[in-house]
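When you get a sec, could you build the whole thing from the sequences and use the hints?
Quick note: the sequence shown uses the numbering used here, first residue 1463, plus one each step.
To be clear, the hints were calculated from the coordinates, so they are not data collected in a lab. A few of these clues could be false.
To be verified - Label pairs and their calculated CB-CB ranges:
| no. | residue 1 | residue 2 | range |
| --- | --- | --- | --- |
| 1 | W1509 | R1541 | 18 to 26 Å |
| 2 | A1533 | T1505 | 33 to 41 Å |
| 3 | E1480 | G1521 | 14 to 22 Å |
| 4 | E1537 | T1507 | 30 to 38 Å |
| 5 | Q1548 | E1508 | 16 to 24 Å |
| 6 | R1549 | G1521 | 29 to 37 Å |
| 7 | K1473 | L1524 | 21 to 29 Å |
| 8 | E1506 | R1536 | 27 to 35 Å |
| 9 | K1488 | Q1523 | 14 to 22 Å |
| 10 | E1506 | P1532 | 36 to 44 Å |
| 11 | S1531 | E1506 | 21 to 29 Å |
| 12 | R1536 | R1472 | 14 to 22 Å |
| 13 | A1496 | T1470 | 13 to 21 Å |
We put the CB at the ideal spot given by N, CA and C, even for glycine.
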Amino acid sequence: MRKVYEDTDRKLWEIARESSEEWYKKQCRNEFGAYHLYFTPSTETEWGSLAIAENAPEGYQLADPRRLSPAWTREQVKRHIRDILQRLPVLPYGI
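Written out as C-alpha cells, the structure is:
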C-alpha cells in the first residue's frame, strides 16, 4: 500500500511541476493573461487531465476559482497546483 501511495504522490508532483512550467511559459508570452486551472475527471483506467488556460477548454471544468497569479513564483504555482490536485477526481478509480 505504501508503494502505491508513494508512486501516486510522485505522479501528482510530476503533474504539478509540468503544469507550473506550462503556466510559466504562457504567462511569459502574455503577462496580462488571467490563467486558471481546469481539469477533466478520471475514468476507471485513465488519469484525469489538467489544462491551464484563460477560458475553459471544451470538456474541462474549473478546478479552482483563484487565478494563477503572475506575481507567484513557479514553485508557488507548483505547490498550489499540487494542493488542488489532491482534491480533484483525477486519479484512476483502480488506484
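Hint check:
no. : hint                      : verdict
1   : W1509 / R1541: 18 to 26 Å : holds, 20 Å
2   : A1533 / T1505: 33 to 41 Å : holds, 36 Å
3   : E1480 / G1521: 14 to 22 Å : holds, 20 Å
4   : E1537 / T1507: 30 to 38 Å : holds, 32 Å
5   : Q1548 / E1508: 16 to 24 Å : holds, 18 Å
6   : R1549 / G1521: 29 to 37 Å : violated, 20 Å
7   : K1473 / L1524: 21 to 29 Å : holds, 22 Å
8   : E1506 / R1536: 27 to 35 Å : holds, 33 Å
9   : K1488 / Q1523: 14 to 22 Å : holds, 19 Å
10  : E1506 / P1532: 36 to 44 Å : holds, 38 Å
11  : S1531 / E1506: 21 to 29 Å : violated, 35 Å
12  : R1536 / R1472: 14 to 22 Å : holds, 19 Å
13  : A1496 / T1470: 13 to 21 Å : violated, 31 Å
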